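J.: Chain by chain, the residues:
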Amino acid sequence: MELNPSPQLLLVHDGQSLLADYSTFFAENGWKYDCISDFSNALKAACDKDYEIIITDLDLPGMSGQAFLDGVRNQKPNQAVMVVSSPTKSEEAIRALRSGAVDFLQKPIDQRFLHETIVRIVNCLRQEEAQYRLLKSMTNYSASYLFTTKALGSYTFIPPILGVLYQAGIISLNTKLKIALAVQEALANSIEHGNLELESKLKDQFDASGKDQFTLTKQQRLLDPAYADRELKVDTLYCDGELSITIKDYGKGFNAPAGGEVKFDEASLLCHGRGLRIIFGSMDKVMYQDGGTKITISKKIL
Amino acid sequence: MDFETSEIGDKAVIKITEDLDSEQSGEALRKAFNKAYDTGSRTIVLDLTSVEIINSYGIGKVLMCYKRLKADNGVLMVKPLKGFVKETFELLMLDKLLPVYDGE
Numbered sequence: 001m002e003l004n005p006s007p008q009l010l011l012v013h014d015g016q017s018l019l020a021d022y023s024t025f026f027a028e029n030g031w032k033y034d035c036i037s038d039f040s041n042a043l044k045a046a047c048d049k050d051y052e053i054i055i056t057d058l059d060l061p062g063m064s065g066q067a068f069l070d071g072v073r074n075q076k077p078n079q080a081v082m083v084v085s086s087p088t089k090s091e092e093a094i095r096a097l098r099s100g101a102v103d104f105l106q107k108p109i110d111q112r113f114l115h116e117t118i119v120r121i122v123n124c125l126r127q128e129e130a131q132y133r134l135l136k137s138m139t140n141y142s143a144s145y146l147f148t149t150k151a152l153g154s155y156t157f158i159p160p161i162l163g164v165l166y167q168a169g170i171i172s173l174n175t176k177l178k179i180a181l182a183v184q185e186a187l188a189n190s191i192e193h194g195n196l197e198l199e200s201k202l203k204d205q206f207d208a209s210g211k212d213q214f215t216l217t218k219q220q221r222l223l224d225p226a227y228a229d230r231e232l233k234v235d236t237l238y239c240d241g242e243l244s245i246t247i248k249d250y251g252k253g254f255n256a257p258a259g260g261e262v263k264f265d266e267a268s269l270l271c272h273g274r275g276l277r278i279i280f281g282s283m284d285k286v287m288y289q290d291g292g293t294k295i296t297i298s299k300k301i302l
Numbered sequence: 001m002d003f004e005t006s007e008i009g010d011k012a013v014i015k016i017t018e019d020l021d022s023e024q025s026g027e028a029l030r031k032a033f034n035k036a037y038d039t040g041s042r043t044i045v046l047d048l049t050s051v052e053i054i055n056s057y058g059i060g061k062v063l064m065c066y067k068r069l070k071a072d073n074g075v076l077m078v079k080p081l082k083g084f085v086k087e088t089f090e091l092l093m094l095d096k097l098l099p100v101y102d103g104e
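These protein sequence lines map, in sequence, to chains A and B. Residues 1 to 302 (my numbering) are what the first sequence spells out, left to right. Residues 1 to 104 (my numbering) are what the second sequence spells out, left to right.
Don't take every hint at face value.
What the hints assert, rightly or not - Here are the simulated SDA-like cross-link-like pairs (lysine to any residue), alpha carbons at most 25 Å apart as the crow flies: (1) LYS176/A with VAL122/A; (2) LYS67/B with THR215/A; (3) LYS49/A with PHE25/A; (4) LYS70/B with GLY273/A; (5) LYS82/B with ARG95/A; (6) LYS82/B with LEU162/A.
Stated by the list, open to error - Which stretches of chain B does chain A cover? Using the computed rule of at least three CB atoms under 8 Å from a CB of chain A, they are: (7) 55-67; (8) 84-91.
Derived by calculation from the structure, the hints in this document are not laboratory data. Source: prediction; values computed, not measured. Every residue gets a Cβ at the ideal spot worked out from N, C-alpha and C, and that includes glycine.
Go ahead and model the full structure; you've got the sequences and the hints to work with.
T.: Shown next as structure tokens:
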């Protein structure tokens, strides 16, 4: 897959590293790029110019890779940065991801993989930018996503609309995190109680080694196509200042408390129902339909 | 991933340096807690000041520590919380369950 228009990249490396070899590769692809060999000048360039991605080594003189990332994050919070690290520095790379890096690649880097990664990130960024423009020009926005249970068993889905609303300054970071957490909890219910048909009481049953039956059964069912291939549909709708997220499972659904009442005391907190409490506490409205197989959570944000 | 534990008087303070939203960080907390518990600490303080995100899985791990200590007349405390973690603890009323340790 090619990128049109060509992406604008900044390569930060000392000229000795393997990253230098890829300058030719970028040129061959017709991609525009600048190369800078120290973090101070790279930080200045990142602020002065608009790069779609900065690709950087973490080991350069003058400043730590972490300080460079923090500097970029402070001055240009939405700048995409991809780090390249040696296999012995995986913890550093994980810290970089925690600091907002969009991805990391381990040396030695396969050219095809590098190409695919950059295309994927640039396409995502362009899609987000397009969504942002759309949101600014329209009052209604909707998007749908379809997953298999197996895919979501090892992946956390955060609706892109949250990133768009946050970037547009419509919601705060705390609100974004709260809604993301509520979605995560609702998805967990739809996956575990809906598609995987797991009952909460299994959490109180343990095998001889002390492992709970809920986790063990979940692991088994995630390997069983009868459960793991079931789909999960997520619809997001932003309309008149209200954000609604609907999650539909294709299993047994989730037995919601009658009237939306969530029992809450120390005993229930220590056993089950925390996720439900988070959903009800973070969102304005929670509605169950279709025998519990469909949940819609909404929040007024404007 | 490992979380470090320091001792202040009779208290063991576990410094959580990753978000508590994954199996890896939950396991690291379980390991650090077990180590402090097995060496005899019955007042254990969780330092969550570096944590930005916690989910119900992470909260489950914190409550596992609470239950284990409570069953042995111990106490689980937390350093003063902030931001999203503080709000989530308040939402779940964990602030009523876990006393705050504001010593250094």
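J.: Indicate, hint by hint, whether the structure satisfies it.
T.: Hints versus structure:
1. Restraint check for LYS176/A and VAL122/A: the C-alpha separation of about 23 Å stays at or below 25 Å, so the hint holds.
2. The suggested pairing of LYS67/B with THR215/A holds, with an alpha-carbon distance near 19 Å, which does not exceed 25 Å.
3. At most 25 Å may separate the alpha-carbon atoms for a hinted pair to count; LYS49/A and PHE25/A meet this at roughly 22 Å.
4. Taking the CA atoms of LYS70/B and GLY273/A, the gap is about 21 Å. The hint holds against a cut of 25 Å.
5. Among the hinted pairs, LYS82/B with ARG95/A is consistent with the structure: their alpha-carbon atoms are about 21 Å apart, no more than 25 Å.
6. The hinted pair formed by LYS82/B and LEU162/A meets the criterion: a straight-line CA distance of about 22 Å does not exceed 25 Å.
7. Counting residues of the segment 55-67 of chain B whose beta carbon lies closer than 8 Å to any beta carbon of chain A gives 7, which meets the minimum of three for the stated coverage.
8. Counting residues of the segment 84-91 of chain B whose beta-carbon sits less than 8 Å from any beta-carbon of chain A gives 4, enough to reach three: the coverage restraint holds.
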